[in-house]
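Chemist: Here is what each chain is made of, one letter per residue.
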Amino acid sequence: MATTEVERRRGQLAALSIAAVVIIIGVPLWWRTTETYRAWLPVSQIQELANLELQLSADVEVVFARGTVTPEQQKKIPLTLSQDDEHVVDEDTSLRYRYETRYRTATIMEEDALNQPTAAEADLSLHMLSESPCGSLVVYVVPESTSLLPEDVEVYIGQRRTALLRIGTQMRVGRTLDQLLDHLEPRIKKLLQLMSFSHTDITAALSDRVRLSPGNKESIADSMRAFKSSPGYEITFSLLNPDPKSHRLHWDIEGAVQTFIQPLLTKLEPLANFSIDSQILYYAMLGVNPRFDNSHNAYTLNADSLAHVINPVEARLGSNAASSNPVLNFLLYVPDANHSPLYIQDRKKQQVPSNAFHSPRWGGIMVYNVNSFYGPDVAFPVDININMAKVMGVFLAQLRLLLGVQSSTPPPGFLVAPCGSSGLADWELDRLMWSRSVENIATATTTITSLAQLLDQIGNIVINDNIAQQVSSAVTSLQLAVAELESGNLGFALQYSKEAILASERAFFDPSLLHLLYFPDDQKFAIYIPLFLPMCVPILLSLLKIASEVRQRRRDKQTKTD
Amino acid sequence: MRYVHDLQLLVTLTHPKDDFQEELVIRPLQSGDVYASFQFRTLWETDFMKGNKVSHYRLFPKSLGQVISKFSVRELHISFTQGYWRTMQWGQPFMPSPPGAELWVWFQDSVTDVDGTWKELTNVLSGIFCASLNFIDSTNTVQPSASFKPLGIGNVTDHRFLRYATLPREIVCTENLTPWKKLLPCGSKAGLAVLMKSEKLFHSSFHSQAVHIRPVCQDSECTTTSWELRQTLNVVFDLHTSGQGKREWSLFKMFSRTLTEACPLASSSKIYIDITDNPQVSFLHNILSLKIQAVVLGDRRTFSVYDLTEANTFGSMRSLNLLIRWKSSEGDMLRPLLHAERYVAGYGLQTGEIHTLMYNYHPFRSFPILLLDSVPWYLRLYIHTLTVTSKGKDNKPSYIHYQPSKDRVRPHLLEMLVQLPPNSVTEVTVQFERALLKWTEYTPDPNHGFYVGSSVISALVPSMVAMDTNNTKERPLFSSFFPCKEESSYFVRIYTEPLLVNLPTPDFSMPYNVICLTCTVVAVGYGSLYNLLTRSFQIEEPNPRLAKRIANVIRRLRGVPPLA
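Protein chains in written order, with this note's numbering: chain A, -15 to 546; chain B, 46 to 609.
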């Protein structure tokens, strides 16, 4: 009896120690060796970014010229005011616009500059005096009697970052400074919205984060027209010659690009890199047959059929082999001799004066009629030199639209100086940079937060150190961009937001994320079960048996003591 | 104003920045098949080399131009071939190419990371041509030291900038032809390319399409350089089986199209018909044609030439359909002087031997050839068994370049310079062992076998007739592809058959079976050990026997006391 008891105890001890070995060594070993590598991600910081509070600060300087303020007002003048404007876009996103306004009187040199005969000259000489940094504005308040502005013009917006503001008629000398400022404020605010950023622009830029309420149709169309922000763009000019038998076309695209397009792109350099190329495509047809219109004695393409024009042409355009940046296509279509002249009609059955149209986020098409070259005794093929100034004028306007340079109509009383040789005023660039920075930040935050969510949900994905590094660099760039926006350094903010977008895309599209994604659990168990089941069942059973015996003995002992 | 206009035009016209030519050469073959070879050449006077970015394209396709400038390519040769060129039946091809896909590229010496650029380039090209060129990696890329010299200008010999790869398994079909046609300035809308109807082109014994880009000299003094893009398409139609045994062909019968115009952008557009072997051919149309003689591939051939840029070529019908009948084949085909074949010998799945046979049919001249063999790493070559014999005697190669393979990294590269004695067969043999692959490295149908690319034989073959060394005489475009520097010989490149080798293939459910089996074995061993360790053993009295138990049951029923 005693020996069997000893034997039983030994058996129980053996079972317990095997179970202990399995639990202490086996399970951690299995866990360690089958674990997927997941590098540390700054999850808390990403969550902070998911809750975006953007603050945009613009520095505004209001300069009073001589004759606009009384001496006692002047004594109080060097003062600073800051205005805050808060908007809650949705539960995760809120915006705050801060205008830091400094008021001062004009210096002697500025007075001299303001004494120039025309506003444009004044604008230029004010620019020579001091160059205001990117994102800031200077408003000169000029007296009522100034000769700079035409009669009915209240506000003149220059080519740089300056504007001239006529002090209103009802403003008489003797009021207090506060009243003066109150009087000026609505116009200054309007001016700011035109020259730096407006709430509609910024919410449109946030469209990646925030689902826009279907409100203003026009503004949505505007925001969908422009290309998404990208670190680079490829611009391709294509000359479509569907009838090389009758037309021998010559276009001086190199010269035209140099004179018309390059200045604008040089100006836009802080925004993105641009590369330009061109090609000639022969036998490239439009997708629709133009209808002959007897009343005009011409072929017409109506507005409804324009949507079908692009697809067959696009197959010929060829994708860009050298980069993955978005491509802006500009097509110049010279209709064949049998379908010439060809005019584009708008919805009101009127001929479009430019004979061109654009397709949102794709590019523009212009129809160039050459039937005037035919002459009375035409011998095909005709050599035709294309008037590039006419073509590039249209393409430049389309390019501005597609890049998101909005030429919104100024409110009454505002006069906008015609943009110079570069085709883009400084403040237009600033405006673009504001919305592009916000757009980049919005896109990068959504990319990063959705990546974090994805990684959180699918535990099988391996997170390399490389990805972790990209994510954290994206997060730091984002934080820097937000901070720079807050302190009003527009240039840096854009730079950091571009870096953030690059890093976040690189992390999101890294191929290493896909490796173990499709390792389903049922296959894992198909491999585990043949090994684990026969091993674990005896251990579990003997553990159960030991437990029940222990319980039995305790009960016996209790009955014995009772 | 108009005058100035015209003057400007005159200036632009006298300096053509680019030029496009097209030609079709048709040669009735001795076997009754018809060989049609299209060639389209675009010359573009520009300079990529100096690093200035060129981005305005006229006739040159933009996609290829971007590739050249982005990856700093000096020369690019790519070919897609379906079928094997039968040299002994068909003679020398105008543009040789191996079955499957072949790509070789010379990079400019400004490229620092050649391997990285090569990888990116193959990926981009695979997108452009809709082909599986992205399967080109380090395991099938070699750097030949002597066989592939640049064909354009520039005497580069540093083969660090050369990459060569073949995909013998690549299947060529319509999806490769469509992007290839798109590169032509006229597309398939006008000119000779109208004839390229894919259902006819791919219903043929041999189909090969290629793109060759290289820098060439614009003139004999080489004052200006230009890029040359040659697009070639070679087809052999098997009319003997489809044509009811009649020896006749027409453009319509071959391509199911006729020609109506030249490509308006082409400066020359010609059809050459080789009438050397059959001078008594009868033409259906009585169209004016020019007869020219040209020396191509070491042979003087007579062509009748149709110029499509002239309106009277098309006659009153406004369409050109050449129809030619000829009598049976009396004339002897000029036997190619150089011919090669290759096969795998041996049995079993462990070892084998590659035999390469090279025939020199020249009656009295011996000439050297360069043999290039690129063998995948899973055939482990025993280079010490390499033998070269001709006429029963050992023929020692004067140059051997051998780069051993590294498993899963790079293939074997074997290059040899061998002298072929006159009228002889030279045999190169080398033994190999078949490697066992990892189970994920097998192709989806491993029992089909594994392809080994063709070996390449490049040679300067002595010519029977004096070759043309000046390029001024009119002759078909294809004959100017390989540079010809001397009159006595011409350059030939021939490809042998690709090999199909069986590797030992496992049963692919094996890994799971192995897992189950080992787990069972482990579980059984572990179970008995566990039992031994945990069970308590005690002596039990033996059970009463079965008979006794039954007897006891019966006794109990009877009420008799049971047995003890």
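Since the hints were made in silico from the structure, they are not lab data. The beta carbon of each residue, even a glycine, is placed where N, CA and C say it ideally should be. Treat the hints with caution; some may be incorrect.
[What the hints assert, rightly or not] Some residues of chain A that are not near chain B, with every Cβ distance over 10 Å (derived):
| id | residue |
| --- | --- |
| 1 | R(-6) |
| 2 | T220 |
| 3 | E238 |
| 4 | K251 |
| 5 | I260 |
| 6 | Y266 |
| 7 | Y267 |
| 8 | L486 |
[Unchecked claim] Output of the computed footprint for chain A on chain B, the stretches with three or more beta carbons under 8 Å from beta carbons of chain A:
| id | region |
| --- | --- |
| 9 | 107 to 114 |
| 10 | 222 to 232 |
| 11 | 405 to 413 |
Chemist: Could you run down the list of hints and mark each one as holding or not?
Modeler: Checked hints:
1. R(-6): Answer for A/R(-6): violated, closest chain B Cβ roughly 7 Å.
2. T220: At about 8 Å from chain B, A/T220 fails to clear the 10 Å cut-off, so the statement is violated.
3. E238: The claim is violated: A/E238 sits with its nearest Cβ about 6 Å from chain B, within 10 Å.
4. K251: Fine: 20 Å to the nearest Cβ keeps A/K251 off the interface.
5. I260: violated (6 Å)
6. Y266: A/Y266 not clear of chain B: closest Cβ-Cβ about 6 Å, inside 10 Å.
7. Y267: violated (4 Å)
8. L486: holds (19 Å)
9. 107 to 114: holds (count 5)
10. 222 to 232: holds (count 4)
11. 405 to 413: violated (count 0)
Hints 1, 2, 3, 5, 6, 7 and 11 from the list above are not met by this structure, while the remaining hints are.
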